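J.: Keeping the supplied structure of chain H fixed, place chain P upon it in accordance with the hints.
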Amino acid sequence: MAAGIEHEIHELGGKLRAAANAWAAGDGGFDEADATRLRHRAIALCHAHYRAAIPAYRRLCDEAGVDDDAPLAMLVERCTVTDDLFKSYDAAWVGARDFAALSAWLRDVCAEPVPADAARAHDVDDWLERLERGGLHVLYSSGTSGKLSFVPRGEASWDAYRANGPSYLMHQVQRLGVDLSAVDGAVLGFRGGRMGIQRAGVELARYIPHVHYLYDSEIRAEMLRALLTARSAAAADAARAALAVGQDEAYCSFLGALRRATERGRAVWLFGAPHQVKRLCALMQAAGAPALRAGSIVTLGGGWKSFEGQRVDRAVLCALIEAALGVPAARVLEAYAMVELNTPLMRCGEGRYHVPPILEPCLFDEALLPLAPGADVTGTFGFMDPTATSYPSFLVTGDEVRLVRERCPCGLVGPALVGEVRRAPGREVRGCGGILATVRA
Amino acid sequence: MSGTRIDNGVSALTLCERLDTAGLLRADGDEIRVPVLARGRLVVPEGDAVLEIREATIDRATMRPDGDARRLVLPRVAAADLLYEDPGAVRARLAAVPFAALCDWLDAAAELLEPDGPLGARVRTLIAAASDLADPLLDAGLRLNATMMRAFAVREVVDRELAVGSVTGSRFLDEWVEVDTPVWDGPTGALRAALASPAPGAATALAPSPRVRAFPTLQIHVTAGNAPVVAPASALRLLATRSGGVVKLPSGSILPGAALAVALHAAAEAHPTARAVLDALSLVYWKGGDAAVEEPLFDPAVFDRVVVWGAPDAVERVSALAAGAIRTLTFNPRYGVSLIGREALADDAALRAAARLAAADVLVWNQRACIASLVHYVEGDARGESEAAGGDVADRWGAALCEALAAADRLAPAAPSPAALGQIQRMRRGSLVGARWHWVGGSGRDARAAVVVARGPFELSSHPLSRVVIVRRVARLDDALALLHRGVSTVGVHPEPRRLALRDPVAARGVSNIVPLGHAERAFAGMPHDGMRVLSDLVEWTTG
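Those sequence lines, one after another, are chains H and P. Just so you know, our numbering puts 78 at position 78 of the first sequence, and the rest follows in order with no gaps. Just so you know, our numbering puts 1137 at position 137 of the second sequence, and the rest follows in order with no gaps.
Here chain H stands alone, though its shape is the one from the complex (with noise of 0.2 Å):
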């Protein structure tokens, strides 16, 4: 029964893909009503799909008392999870190499079966590996204490993880004229790895053929893992240089691609956070390099996350980007997105995340309880995303938006996020009674 309904679930997701595509296209062919019935559908069913499969989503509605009927407002209340779910093992076991405990705590959050051989990993590199060997695709993301959250993805999960951002975002690059047989690729990134701020670059590749990365070597969680928990600066610098990160030399490499692709008259489709373009344009100028070629994009990623005391405003960033790089505000492209979303949300020309029919969004309040919907709200982003059936995709971010309900200057239809994402009010630290950051207790 449970393989009925995530096949059910993933016909659905394939429906809303279409959906979306017409959505984006705008052509007059996108019906809204039809599309929040199938995204409704898929939820309820991703509940019960959870519910049955999801040890500890299992044990979240027996706590909340939600049954497999519970109608989508109860699910939003009381199942959105937080992004901590994926963290929520045990920092002691990797430090251990205890991934007998670690693959039993995936196997707690996740609907798929775990590799038994993942349990004999060395390292958590290995661990990975060995999970993708046995059809898990698990990708993870950085956190604040150097503990790294996991994201497990079956097959049907990471097919629509890498399907439905292509399904609308391609009419937004047709839109702009780029011939992707015509442009090179240059991701401020690497060439592989499962991190997953990195995946935008790779999947660039699918459709690029020559991409020239900034470290041509993938990430490894073990590098960034020691990087995250160094403690002095020392172990930092020395955790940085296995990366590679901020060398140079890479940059003046990177720097030499871009160069190679205007003289060869190719246009560049770049890739990178916004302190990375920043940093590239400073160094371009700095070197007297030539501007891209006409018909160049480039796309930010990521937020400016640690790099926050290098933020400048977006017009800043994209004046800098047009001076350096010749490309105009309305080629520099901006997605949110994270670990555990399948479906990305671009950013339109009139400065708005447009959130596809695929995804529910929802607001909530300080105290996490569900803000009514209306035209124009300010709070605590969250969404469910039915396209995931691997692991709970009803999520409450830690991320502050205004969300409005109108059809846009652009075109576009549907919810939307205006104006910066900012983080949520943190956790009231108060006192002498402030804890530490890193402690277990």
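FYI, nobody ran anything at the bench for these hints, they're computed from the structure. From a predicted model like this one, the values you see are computed outputs, not experimental measurements.
Computed, partial: chain P to chain H, Cβ under 8 Å:
no.: 1; residue: V1337
no.: 2; residue: R1426
no.: 3; residue: R1429
no.: 4; residue: R1445
no.: 5; residue: P1457
Sample of chain P residues at the chain H side, in silico, Cβ under 7 Å:
no.: 6; residue: P1418
no.: 7; residue: A1419
no.: 8; residue: G1430
A virtual CB, placed ideally from N, CA and C, is assigned to each residue, including glycine.
T.: Chain P only, in chain H's frame:
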């Protein structure tokens, strides 16, 4: 600096009349104008040179926000208003103030602050409107603020904490105390004797006996707002050492410090001998991180000590400002835990009694104090299927503790703030998903307290500090030792024989207080704080 000086008053009633006339420390609509003290001058908010702090007001019946807010308006101060042109002269004037005169002045200020008096009642009303502390806790805190300023209390603390041998501490503040001990001349002693030997026939001059004095210092205290007693207590440490300096009031608890400023200022009129201490004292507010104030203020040529309480970012920032050039005492973020021996679960009566003791340690400033218990380790064997989820021993404890917290809520009601409620929900749907929750008042928006039986280790960074207790089963209490460290300030142990048996190994982990369960807030004159004899660190021990 903006602001004007107001006249001194000596009785609480007169003082309140003058505050009324000046429009200070009273609710005018949604605004309260708050004076501060800058080098002995009472400064009031005027014109544009003001700072505003917005506070949510509380429905005292439910202890939840009532949807309204108010503004505290304070004068903006500059670093120049707080510095001293001649720090040496200031220290000398401070050293000349007799300790008895200091105590008399503080006693008069304490009288003005008495909760039953006009000023105490006025301030209590203002504080209560935005405080999430239940009446019994708030009243106890405000009474403590007055009582600890009493002459007998100040003298007791100083006499014990600065005592050396049989000499009471206050003598070291007042005079050069002769040291009754053998003196060693050092390696140059013999050379000195050879170089400066008396003329033949002349008597050998005896060196005077060494003496020691606890000299005043100039201090900066950056305080925390987790409880209404922190800023006054920190200020009192400065005063008890008869020192001068700046106390930064916390945004979360401005009014108790402002009341202290008003009382000290008013009381000084009748105590001119102590005036030098008032003139060297500032009780002010600026927004933490305001570089325009902080960078010039933390001047090692002026200040001798920095005391910083509070959240990690404040401690880190202020420590960086002191930059190793000013001796800094940090009261770092810490927390408390409870160790519950298996004897507590022997029968229902023992369980109920122990849970009620444990609840008391949870209530300390609604868990916002570093001594409050956040995590309970309960000793017991795993049994069957329940083992995977923490064991039924932990569940029994969780249920009993929940009942005790419900009883506590009837005595001293409290409710998590909206942000804390949000954090509880994040835990429930993230790091502690599927843990067994025992709620006081129901889940969701109705939650008033909770006990969570956790399946495994828990990261304290996500603790909401609002009468939420994490319970973990351990096979033996000794197993919990591995989870203790310098970040744990206080451990309550039950029953008493187990505490005595564990006291040394717990202390060896860096824990500062190992107390009987239910006594986390235990204090006494001369008690160390976070492993330090604080007054002793705040004076300059000088030989002469």
